[in-house]
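As a plain string of letters, each chain reads:
There are 2 protein chains.
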Amino acid sequence: MKNEIAEILKRNQLSVTDSRQKILELFRHSNSALAHADIEKQTSEQFDRVTIYRTLQTFVEKGIVHTIPTTDNSVLYALCKDNCSEGHHHDDHVHFICDDCGTTYCLEHITIPKVEVPQGFITKQTDVVVSGQCDKCS
Amino acid sequence: MKNEIAEILKRNQLSVTDSRQKILELFRHSNSALAHADIEKQTSEQFDRVTIYRTLQTFVEKGIVHTIPTTDNSVLYALCKDNCSEGHHHDDHVHFICDDCGTTYCLEHITIPKVEVPQGFITKQTDVVVSGQCDKCS
DNA sequence: TAAATGATTGCAACTTTGTTGCAAAATAAA
DNA sequence: TTTATTTTGCAACAAAGTTGCAATCATTTA
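Protein chains in written order, with our numbering: chain A, 1 to 138; chain B, 1 to 138.
Source of the hints: derived by calculation from the structure; they are not laboratory data. Virtual Cβ for every residue (Gly too), placed ideally from N, Cα, C. Please note that a few of the clues may not be correct.
To be verified - Here are the simulated BS3-like cross-link-like pairs (lysine-lysine), alpha carbons at most 30 Å apart as the crow flies:
#, chain 1, residue 1, chain 2, residue 2
1, A, Lys124, B, Lys124
2, B, Lys81, B, Lys124
3, A, Lys114, B, Lys81
4, A, Lys124, B, Lys114
To be verified - Some, not all, of what chain A presents toward chain B, calculated at C-beta under 7 Å:
#, residue
5, Thr71
6, Val75
7, Leu79
8, His93
9, Val94
10, Lys124
11, Thr126
12, Val129
13, Val130
14, Ser131
15, Asp135
16, Ser138
Take the sequences, apply the hints, and build the full model.
Right under this line is the structure:
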């Protein structure tokens with residue numbers, strides 16, 4: 001378990017530190033996306049705010065975690081499933097935000113539809129965020 | 001021209017003030033989405049930061065403007081085309097963010113595809129954000 | 001296994017972004 | 001024109017995020 005987490009870090013050429021292990025564990029045990037504030041709370045302020053910012057940034061750069069677009073100004077992070085390669089995210093799944101409980105899910109099994117763009121535009125990534133009620137709140 | 005803008009404000013039961021007219025004009029003359037900072041710059045700091053925040057908030061509430069989800073933590077605003085009714089946005093179009101120049105476009109003519117969600121989930125809104133290169137940068 | 005190297009952390013200070021209360025000013029109504 | 005209501009700008013604050021730097025920790029090498 002703990003070894004598996006250390007493995008992921010090593011595979012991404014990251015040194016294995018307490019904060020990285022703990023934060024990565026949080027993501028693996030959560031079935032929803034996490035905000036910076038969630039992580040700060042759930043680690044019971046064991047780590048400095050700055051460390052959490054930097055860890056998340058590193059994880060995004062390494063393709064361990066991806067950010068989820070939201071209409072409000074909050075930033076959400078979620079595990080990339082098949083461990084995207086550095087700078088090459090290919091998390092082609094839909095995100096679902098529940099209006100009631102606020103939970104954000106990665107709907108891994110629903111693939112992003114192809115979206116047409118006008119002449120001259122080139123698509124590199126397509127993000128789909130669905131909002132409404134999740135199965136627990138409906 | 002100016003009258004048309006005043007009309008929109010009156011139609012939405014808003015009193016016609018300098019800041020509201022000027023900011024609404026900015027949106028109408030821009031073919032892309034605007035961030036709070038853009039507006040602050042483009043009004044050459046004629047209005048207080050707070051006024052701009054409050055004006056944008058009011059416009060969103062009235063359905064004159066809508067927010068666009070982004071992967072970074074920035075909030076973008078764009079004109080609602082057919083002047084959504086209060087609280088009832090129905091801007092079912094795709095948003096495109098150019099990775100090179102950073103411009104965000106509302107692709108008015110491209111409709112959002114229907115996205116399946118798992119059993120028990122209820123869809124209320126679907127946001128699609130495509131990123132890549134726009135026609136000017138490709 | 002211990003010392004040396006290099007990366008990461010925590011702290012402090014700071015910037016940027018967004019919010020709130022309130023008096024003054026502007027708009028709309030009478 | 002006067003009155004009532006709304007909006008604005010200021011000040012002060014709160015939250016979110018960033019940067020430099022010394023101390024600490026992880027990894028490498030001998």
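Hints and how they fare:
1. A/Lys124 with B/Lys124: holds (26 Å)
2. B/Lys81 with B/Lys124: Judged against 30 Å, a Cα distance of about 20 Å means the pair holds.
3. A/Lys114 with B/Lys81: holds (24 Å)
4. A/Lys124 with B/Lys114: holds (21 Å)
5. Thr71: holds (5 Å)
6. Val75: holds (5 Å)
7. Leu79: violated (16 Å)
8. His93: With a minimum Cβ separation of about 11 Å from chain B (threshold 7 Å), the hint on A/His93 is violated.
9. Val94: holds (6 Å)
10. Lys124: holds (4 Å)
11. Thr126: This hint holds: A/Thr126 lies near chain B, its Cβ roughly 5 Å from the closest one there, short of 7 Å.
12. Val129: Constraint on A/Val129 satisfied, holds at 5 Å.
13. Val130: holds (5 Å)
14. Ser131: This interface hint holds because 5 Å falls under the 7 Å limit.
15. Asp135: holds (3 Å)
16. Ser138: Hint holds; A/Ser138 Cβ to chain B Cβ min 5 Å, cut 7 Å.
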